[in-house]
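Sequential numbering of the sequence shown, starting at 149, is according to this note's numbering.
Quick caveat, the hints were computed from the structure, so don't treat them as lab data.
All figures in this text were calculated on a predicted structure; none of them were measured in a lab.
Do not rely on the hints blindly, as some may be mistaken.
[Stated by the list, open to error] Pairs of lysine to aspartate or glutamate, EDC-like flavour, derived with a Cα cap of 16 Å:
hint : residue 1 : residue 2
1    : 254       : 287
2    : 254       : 229
3    : 270       : 164
4    : 270       : 286
5    : 150       : 286
6    : 150       : 164
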Amino acid sequence: MKPYFENNDRQAALWDVAQQWLGTPFFARAAVCGEGVDCVNLVHELLVTAGAIPRLVLPDYTLDRARHVTDSLLLRFLLTEPALAGRSLLVPPAAPRLPGDLIACKSGLTDHHLSLALPWGKAIHAIERQGVILTPLDDAQLVRRTLYVLRIFEAV
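Required output: the full structure, derived from the provided sequences and hints.
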């Protein structure tokens, strides 16, 4: 299996679409470039626009869910979504990140933040009060909070 973003042209396309979202304000459950987006919808829109996955119906969630429960709604969705079946793999959190890797971070009691690895050692996030930003993949806070990494592969 080949990682979907192993190809340089796909990496460039991912980078280009990510640039369009920079500065978009954080807005829960939204996905409008330049207007508002949250972390899960940002990653979804980037992967869809870059051609890595089809448009999915994301599970319903609340922003404060991770303050009250320890089970992972995000991981359950990622591992049971039929469109990702046979095309995704959990990689060790300490393994080198590849462009297109989904990085799930602890927020509260469980994974409740999602970012996406980009080319050139960057990650993109949608963060409350900051909006869509880039951080280095080796950012100490990102590394410390990472619970798992999911890699998307080409369709078979």
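Structure-based check of each hint:
1. A threshold of 16 Å between alpha carbons decides the hint, and for residue 254 with residue 287 the separation of about 15 Å falls inside it, so the pair holds.
2. Between residue 254 and residue 229 the alpha-carbon distance is near 21 Å, which puts this suggested pair outside the 16 Å criterion.
3. For the hint linking residue 270 to residue 164, the alpha-carbon distance of about 13 Å falls within 16 Å, and the restraint holds.
4. Simply put, residue 270 and residue 286 have alpha-carbon atoms about 8 Å apart, close enough for the 16 Å limit, and the pair holds.
5. Between residue 150 and residue 286, the direct Cα distance comes to roughly 24 Å. Violation of the 16 Å bound is thereby established for this hinted pair.
6. As the CA atoms of residue 150 and residue 164 are separated by approximately 22 Å, the hinted pair breaks the 16 Å bound.
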